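Given chain A, work out where chain B should sit, using these hints.
From first to last, the protein sequence lines stand for chains A and B.
Oh and the first sequence: position 149 is 149 in our numbering, straight run, nothing missing.
Oh and the second sequence: position 542 is 542 in our numbering, straight run, nothing missing.
Calculated from the structure, these hints are not laboratory results.
Accuracy of the hints is not assured; some may be wrong.
[Stated by the list, open to error] Residues from chain B shown here face chain A by an in silico Cβ test under 7 angstroms; the list is partial:
#	residue
1	Pro409
2	Gln412
3	Trp664
[Stated by the list, open to error] Here are the computed lysine-lysine pairs in the PhoX-like style, where the Cα-Cα straight-line distance is at most 25 angstroms:
#	chain 1	residue 1	chain 2	residue 2
4	A	Lys104	B	Lys403
5	A	Lys45	A	Lys63
6	B	Lys403	B	Lys436
7	B	Lys490	B	Lys444
8	B	Lys436	A	Lys134
9	B	Lys436	B	Lys357
10	B	Lys403	A	Lys45
11	B	Lys436	A	Lys130
12	B	Lys589	A	Lys154
13	B	Lys541	B	Lys444
14	A	Lys63	B	Lys403
15	B	Lys357	A	Lys130
16	B	Lys541	A	Lys155
17	B	Lys589	B	Lys565
18	A	Lys45	A	Lys104
19	A	Lys130	B	Lys403
20	B	Lys541	B	Lys589
21	B	Lys288	B	Lys490
22	A	Lys134	B	Lys288
23	B	Lys288	B	Lys114
24	B	Lys288	B	Lys436
25	B	Lys541	A	Lys45
26	A	Lys134	B	Lys357
Since the model is a prediction, treat every value here as computed from it, not as a measurement.
All C-beta atoms, glycine included, are put in the ideal place defined by N, C-alpha and C.
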Amino acid sequence: MKNIKRQLLLFLITVLASLVAVTVVYAQDDQPGYPTDNDVIRVAKQLYCPVCPNTPLDVCETKACQDWRAQIRDQLAQGWTDQQIIDYFVIQYGERVLAEPQRKGFTSLVWFLPLIALLLGIGIVYEVLKNWQKQKPALVTAAPLPQIPDEILKKIEREIQEMD
Amino acid sequence: MLADIGLISLTIAFLFGLYATIASAYGGWRARTDWVESARNAALLVFPLLTIPVIVIVYSLYKFDFSLAYVYDVSSRAMSPFLRVTALWGGQQGSVLFWAWLMAAFVGIVLLRKWERDRELMPWVTFVAMLTTAFFVGVVLFITNPFVRLWHVPGATELTQAFFQPANAMPYLPEDGNGLNPLLRHFGMIGHPPTTYLGFTGFVIPFAFAIAALITGQSRHDEWIITTRRWTLFAWIFLSIGLVLGGRWAYDVLGWGGFWGWDPVENAMLMPWLTGTAFLHSVMMTEKRGMMKRWNMALIILTYSLSLFGTFITRTGVISSVHAFSKTALGPAFFAFIGLTFLGSLTILYLRWDTLKSEHSLESFISREAAFVLQNMLFVAVTFAVFWGTVFPLLSELVTGTKITVGPPYFQRVTGPLFFVLVLLMGVVPLLTWRKHAARSLGKTIWIPFLASLGMTAIWGFAHRMHPGSIFGLWLVTLTLSLILAEFWKGIQARHATRGENFLSALFNLISRNHRRYGGYIIHLGVVLIAMGVIGDAYFKQETQGTVSQGEVLSVGGYQLEFQKLLAYPGSDGREIVEAVLDLSQNGKPIRTLNPRRDYFVVQEQPVTVPGVYSTPGVDVYAMLVGWDSSGSSATFKIYVNSLINWVWIGGFVMILGTLIATWSNPAQREATYVLKREGLTSQA
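Extracted from the complex, chain A is given alone in its bound form (with noise of 0.2 angstroms):
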């Protein structure tokens, strides 16, 4: 079933890419060259390796990323725009090819939960300095002085006056 709707999803993305491809190759007419390398690396900036663990597709070295990246070529030459390309790739290896995360569904909690710790942060240190604010200090300061040598306690106060 999921098959079935991944494979309808890549026919319609087909149709559509070759329905603008007519216009878009119009355009880009006047441009030798098209698809230059940095057409392609910047498509494949967007992009992971689907295969190798945490590696962007613009740098992957193995063959595999190779071939990718040609086929990037192969469809911006078709007159893909950069979107198609990377909604082919999420249909084709799934939502771990996107750099950024997406803002839907599950994934959408990874770009919230910071936000929310953020504001919650900024609130509990609202609250902390307020609280301190109002306690009185637990410091001994009607106790007497501790027995500490004249000496000693010159020494500490010219350490005092240099450190600051």
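Just chain B, lined up with the frame of chain A:
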């Protein structure tokens, strides 16, 4: 034979470590001095006992004893003696042993030096430190043992790894080893693991003192903070050096023209550094004002757990996939140990919560105290964001079954603004006084540096008007830089006015009179320089890739690179080198030749890209050889123009210098603080 000695010594070290852990706890609990002394003696023996297996491994690596699986994996005949020795930490087994060995050395130093002064704390310090050491020695012994041998069982297609001869098996002695992963043969990667481990293990010592203070109820006097201040700085600076070296390695070897890729392994190192940095600051609050005691405890517990977590991530590969977790017992063992120590520490902290009351109240929101709290919260927020992004792919795989990637865009977007505020605070907070600060006087101190930074930014901004985003960042860097320099200037002026010292001697005396404060400022200066490098990397990076024939030119960012020819020749360490000759010029003026290379390691069947780099303080032109046609008449290059990237390394050096100054021993001052603390006073400096 030698390996047997190493293995036996390792086993005894484990038993002694275990004994020291139990005996010190029992001695501490029952107040039995004889047990504590015995535990101490056992703990002191662990380091020499671990030294033997370390020497055996190093010797086997050096002498090509390929009957050992570890030596077979990381050493080879083509490797230089220096590389063979450093292969001790080039693979998992060796590096965990190395970790345990460093840890044992630190415990030894602590037990020899601090015994008299902190007698009440020592049983528990020994307990915590030896528990950690024993865990690591146990992992080396039972899970990832470097003394495992290779055996050949007749009929089997694969070699068997075991200590002792399996039935019918023949010892297997390969002619040559696989050798160290070629990517690791770089000074950055040779220096990076030891420095990182020094950082990770170094943080165990303040943690052990903190837990000891909690258990004994001695935490009220905060002596442990003073005792461990230098340990903390020591651990922190080594972790910092490890980060910088790792970045340098990535820049030179990984071939993507950057130094930080937000890889899980990098993040794993950054997290304890972040909480450790927060801890370094929060202990100042306790030392000067007797505040944030609970927070300190929470931070050092977190730093300890994150240090272990860092080792866990780098050594188990769990983040790349959940499935890596249970491949060996390593993952579950670490997971259980981290979980138990973390929960145990939190429980102890909870039980002692009430003894950690703040000694002072907050007098004003505009004060150094309030700013420190904010700064600490931000550090923890960054840590959380990094942690969350690092573990989220795992969580996603577990919960929804979908593998996802959390790449640099997430980390840049989430942590960028937080780092921005932190750098700003770094400039402003040192100007604030403790207790309260009149807003008016703050304005007075700030306005000159502020105007100066605006002026500078106008110039910066005009030069980089095509990158509007960068202007804000450059303003921030300039402002913080001028605020720090203004602090130095004020101090020098004062000395000049009151004592008639000239500029240089005033600067020297200023720093040596209060090395902690000015050492700290110098560290801040280093951080600002690193921030400058990061901004350059984020906004001004230009790149291009193209295929050119001989005599053709690639242009990027005002630089031209003309492809001359390709050379092919054999190199050292068993590699075949293909080298390109590129003539670099700027706007038509020739500068020099760049020689990007592709080194092919024959045995490992692995290519390594060695970039050709033209490096100046302002700009690096970084050329990589991506491919070539068989005749050598044309080749593909990737060229990066990296602005300001060198300031990352320069900033790293400045940070080291600042830390050295900050830790400089000043016995009189240390004793004075110590006496004050013992009498239950806090200095009001």
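To see whether the hints hold, each was checked on the structure:
Interface restraint check: Pro409/B against chain A, minimum CB-CB distance 4 angstroms, threshold 7 angstroms, status holds. At a threshold of 7 angstroms, the smallest CB-CB gap from Gln412/B to chain A is about 10 angstroms, leaving the interface hint violated. The closest approach between the C-beta of Trp664/B and any C-beta of chain A is roughly 14 angstroms, which is over the 7 angstroms cut-off, so the hint fails. Taken as a hint, the Lys104/A and Lys403/B pair is honoured in the structure, with Cα atoms around 15 angstroms apart against an allowance of 25 angstroms.
Our distance criterion of 25 angstroms between C-alpha atoms is met by Lys45/A and Lys63/A, whose separation comes to about 17 angstroms. Pair hint Lys403/B plus Lys436/B does not hold up; C-alpha atoms about 51 angstroms apart against a cutoff of 25 angstroms. Simply put, Lys490/B and Lys444/B have alpha-carbon atoms about 13 angstroms apart, close enough for the 25 angstroms limit, and the pair holds. Pair hint Lys436/B plus Lys134/A holds up; C-alpha atoms about 15 angstroms apart against a cutoff of 25 angstroms.
With a CA separation close to 21 angstroms, the supplied pair Lys436/B and Lys357/B stays within the 25 angstroms bound. A distance of roughly 19 angstroms separates the Cα atoms of Lys403/B and Lys45/A; the hinted pair therefore holds under the 25 angstroms criterion. This hinted pair checks out: Lys436/B and Lys130/A have alpha carbons roughly 14 angstroms apart, not beyond 25 angstroms. Between the alpha carbons of Lys589/B and Lys154/A the distance comes to roughly 68 angstroms, so the proposed pair goes past 25 angstroms and is violated.
For the proposed pair Lys541/B and Lys444/B, the alpha carbon gap of about 38 angstroms is over 25 angstroms, so the pair is violated. At most 25 angstroms may separate the alpha-carbon atoms for a hinted pair to count; Lys63/A and Lys403/B meet this at roughly 22 angstroms. Proximity of Lys357/B to Lys130/A is assessed by CA-CA distance (about 15 angstroms); at most 25 angstroms being required, the pair is judged to hold. A distance of roughly 55 angstroms separates the Cα atoms of Lys541/B and Lys155/A; the hinted pair therefore is violated under the 25 angstroms criterion.
At roughly 20 angstroms between alpha-carbon atoms, Lys589/B and Lys565/B fall within 25 angstroms of each other, so this suggested pair holds. A threshold of 25 angstroms between alpha carbons decides the hint, and for Lys45/A with Lys104/A the separation of about 21 angstroms falls inside it, so the pair holds. With a C-alpha separation of about 44 angstroms, the suggested pairing of Lys130/A with Lys403/B is violated against the 25 angstroms cut-off. Between the alpha carbons of Lys541/B and Lys589/B the distance comes to roughly 22 angstroms, so the proposed pair stays at or under 25 angstroms and holds.
Taken as a hint, the Lys288/B and Lys490/B pair is honoured in the structure, with Cα atoms around 23 angstroms apart against an allowance of 25 angstroms. Of the pairs offered as hints, the one joining Lys134/A and Lys288/B holds, with about 20 angstroms between alpha carbons and a cut-off of 25 angstroms not exceeded. Pair hint Lys288/B plus Lys114/B holds up; C-alpha atoms about 23 angstroms apart against a cutoff of 25 angstroms. At most 25 angstroms may separate the alpha-carbon atoms for a hinted pair to count; Lys288/B and Lys436/B meet this at roughly 14 angstroms.
With a CA separation close to 14 angstroms, the supplied pair Lys541/B and Lys45/A stays within the 25 angstroms bound. Annotation: proposed proximity of Lys134/A to Lys357/B holds, straight-line Cα distance about 14 angstroms (limit 25 angstroms).
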